[in-house]
Amino acid sequence: MLKIKELCKTFSPGTVNEVRALRGVTLEIQEGSFTAVIGTNGSGKSTLLNAVAGSFEADSGSMELFGRIITNWPEHKRALLIGRVFQNPFAGTAAGMTIAENIGMAMRRGQRWSLRTAITKRVREEISDKVKTLKMGLEDRLDNPIGTLSGGQRQALTLLMATWLKPQLLLLDEHTAALDPKTAAKVAELTREIITREKLTAMMVTHSMQQAVDLPDRIIMMHKGNIVEDYKDEMKARARVSDLIKAFERVQKLDLFDSSVAELLEQQYV
Amino acid sequence: MQLSHQKRGRYLLVTTSGRLDAAWADHFSKSMQEHIRQGEHHLLLDAAGMEFLSSAGIRSIVQLIKSVKSVNGSFQLVKANDFVKQTLTMTGFGGWLSDDLPEDIQELKSDQGIEPGDGFETFKLDESVGLMISIPAKWKPWQSFREGDAVRIRFQKNSFALGIGSPVQATDADTSMMGEFLAVAGNTVHQPPREDEDPDFLLAEKEYLPEMHCMQALHCNGEMSHVLRFAPSGKKLYFGLGEIAEKVLTVTNSELAAFVILAEIDGLVGSYIIKSPGQIHQGQKMEFPGAREWLSFCGERMYARQQALVFGIAARTPDDLKPALMSASGKYEGLFLHSHATVFPYQPMEAGKINLKDATWKFFNGSPPLALYHLVEDLRPLTGLGESAFIRGACWCAPIINGKEDLPWE
Chain A
51 MLKIKELCKT FSPGTVNEVR ALRGVTLEIQ EGSFTAVIGT NGSGKSTLLN
101 AVAGSFEADS GSMELFGRII TNWPEHKRAL LIGRVFQNPF AGTAAGMTIA
151 ENIGMAMRRG QRWSLRTAIT KRVREEISDK VKTLKMGLED RLDNPIGTLS
201 GGQRQALTLL MATWLKPQLL LLDEHTAALD PKTAAKVAEL TREIITREKL
251 TAMMVTHSMQ QAVDLPDRII MMHKGNIVED YKDEMKARAR VSDLIKAFER
301 VQKLDLFDSS VAELLEQQYV
Chain B
338 MQLSHQKRGR YLLVTTSGRL DAAWADHFSK SMQEHIRQGE HHLLLDAAGM
388 EFLSSAGIRS IVQLIKSVKS VNGSFQLVKA NDFVKQTLTM TGFGGWLSDD
438 LPEDIQELKS DQGIEPGDGF ETFKLDESVG LMISIPAKWK PWQSFREGDA
488 VRIRFQKNSF ALGIGSPVQA TDADTSMMGE FLAVAGNTVH QPPREDEDPD
538 FLLAEKEYLP EMHCMQALHC NGEMSHVLRF APSGKKLYFG LGEIAEKVLT
588 VTNSELAAFV ILAEIDGLVG SYIIKSPGQI HQGQKMEFPG AREWLSFCGE
638 RMYARQQALV FGIAARTPDD LKPALMSASG KYEGLFLHSH ATVFPYQPME
688 AGKINLKDAT WKFFNGSPPL ALYHLVEDLR PLTGLGESAF IRGACWCAPI
738 INGKEDLPWE
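These protein sequence lines map, in sequence, to chains A and B.
Under my numbering, think of the first position of the first sequence as 51, with each following residue one higher.
Under my numbering, think of the first position of the second sequence as 338, with each following residue one higher.
Worth double-checking, as some hints may not be accurate.
With a Cα cut of at most 30 Å, we get these calculated BS3-like pairs of lysine-lysine [to be verified]:
| id | chain 1 | residue 1 | chain 2 | residue 2 |
| --- | --- | --- | --- | --- |
| 1 | A | Lys303 | B | Lys612 |
| 2 | A | Lys296 | B | Lys367 |
| 3 | A | Lys274 | B | Lys612 |
| 4 | A | Lys282 | B | Lys612 |
| 5 | B | Lys622 | A | Lys303 |
| 6 | A | Lys286 | B | Lys612 |
| 7 | A | Lys296 | B | Lys612 |
| 8 | B | Lys699 | A | Lys296 |
| 9 | B | Lys622 | A | Lys274 |
| 10 | B | Lys494 | B | Lys475 |
| 11 | A | Lys303 | B | Lys477 |
Calculated directly from the structure, the hints in this document are not laboratory data.
Could you put the whole structure together from the sequences, leaning on the hints where they help?
Set out below in structure tokens:
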């Protein structure tokens, strides 16, 4: 499981552009749970995911993944344990290489490379079988460069690659946001299938309230670098899109309640 | 399908051309409902250019007639061609048809110009009546509160009240449930002190009279003396709460009056309690940011196009004579107000001199209330939200007729 403790990150500290993206986030994610992270723009959701993935070093706080303290691990070392799918379908795959070659690399993540043929007949069959489960007809195009595929197809393949060697943690950063609605729904469904089948521990940043309600078993809402809502167990089961929107409104309303409002109400609350 | 309209006396003549079928029924319904919202209750549909009418179209007309009837209006379909006539006659809706325009319709456009006056129309109900006020519970924010301080009040069918309390239940006063309420003609709406909860309500039906444990209550009994109707006219598009309160004091010719507003909302500005003040045991100062745990402020003008039911008390006194539980308006000199508003989903209202109990009952008996606010006047520079305002509706009012020495001020 993932344990995050008092995680802080400030970008451009001491300048006019200072952004306090994470302000002491504490979060525990159980093994096998699928958590959606939602929040307003600039609330720190992607920063949280990137901090876990190791894209930058946190200012303070600690992270522990299945008993190992990963706070000071570099990104490439964390990548052995963590699978990622990005918002941009063109990230996460090598456009000039074929589908089979891309997957071939994903299959050997963390292993030593040699100069022997990577894609043997046996490996090819294995790839073909698994690509078939995407039901996109891509198993017949294993030798096409991945750059010739559509965004949705690439995103589905990235998902497959990220989960090929069962990662200890799967991070999905708005992975359906750049896709058309129908493809987005398909990739979302695929996400659920793979996560359930492989019993993965996953975190997903999303802007789609519907997705947050439908897919995961826990929803956390972030605002200004803090976790402001945490829907889990029964509360998650009861949560509807309208509840999440209400929570957003409440958070924004609270922002508008400043000291001048307090003064106003002090005079007029009689 | 094309729709155009023309005001002809009390009628609105809507000329149609094209097909009224599934593709256009929704557009037709929406534009007709908008006419009703704008106070057009007598609709004539000139169907000379209507080529086709399907069952979807008929259904949208049935809905329209339902809305028109609910506000005592009228609807007729004139000059229909043979096909439309035949369709309607065979489906049993021949009653809508008429060959000619009604006799009392005027030849020329009228009522298009700016109406004179301030947008208010005043009807006298009974100038000899008025309301008696009492303040049975006098808690003031944010004094400490003891359980025994709550006063049990039963609202009669001529009761109007606002305050802070909790509905009476089997056990003693529940101090954790103290929230704002208002009572109009005995019907009581209560906002539980929780951010996310919808208001609850108790209706004065048959033998039952709503009861509340109150820690604060301004309670009036009696009958209303006037009803004001207001609607946009010319450049006047909305009516502020303070302006209506001023009008109430003028019309009732008094320095202290109570009023009930039932009107379409332009925007509400207010706040409500989200943590029961019944749980304050020691005097507490409401300072920022602690105040955010106790009160929820709307943050923006809320509930445009929905319907508000407001009960308020207005007083005109010199500054040094502040009446109990009232706050001074910053916009209108010498005006003191305390008002609570509850919000209902929009429904059109009848025109003219309407009865308070019937008009408000239509809302109490319809969809449940959406919110309840203690109304606030927000005159902060730049960021201020202003005062609550209404577009069109009715305001019933009456002078408060307690003798001067009989007023419950402290």
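Verification of the supplied hints:
1. A:Lys303 x B:Lys612: With a Cα-Cα distance of about 16 Å, the restraint between lysine 303 of chain A and lysine 612 of chain B holds, given a limit of 30 Å.
2. A:Lys296 x B:Lys367: Holds, at about 27 Å.
3. A:Lys274 x B:Lys612: 24 Å, holds
4. A:Lys282 x B:Lys612: OK: lysine 282 of chain A and lysine 612 of chain B at ~24 Å, within 30 Å.
5. B:Lys622 x A:Lys303: Since the Cα atoms of lysine 622 of chain B and lysine 303 of chain A sit roughly 22 Å apart, the hinted pair holds (cutoff 30 Å).
6. A:Lys286 x B:Lys612: With a Cα-Cα distance of about 24 Å, the restraint between lysine 286 of chain A and lysine 612 of chain B holds, given a limit of 30 Å.
7. A:Lys296 x B:Lys612: 18 Å, holds
8. B:Lys699 x A:Lys296: Given that 30 Å is the threshold and the Cα spacing comes to 28 Å, the pair holds.
9. B:Lys622 x A:Lys274: Given that 30 Å is the threshold and the Cα spacing comes to 28 Å, the pair holds.
10. B:Lys494 x B:Lys475: Distance of about 23 Å is within 30 Å: holds.
11. A:Lys303 x B:Lys477: 25 Å, holds
Checked against the numbered hints above, the structure violates none of them.
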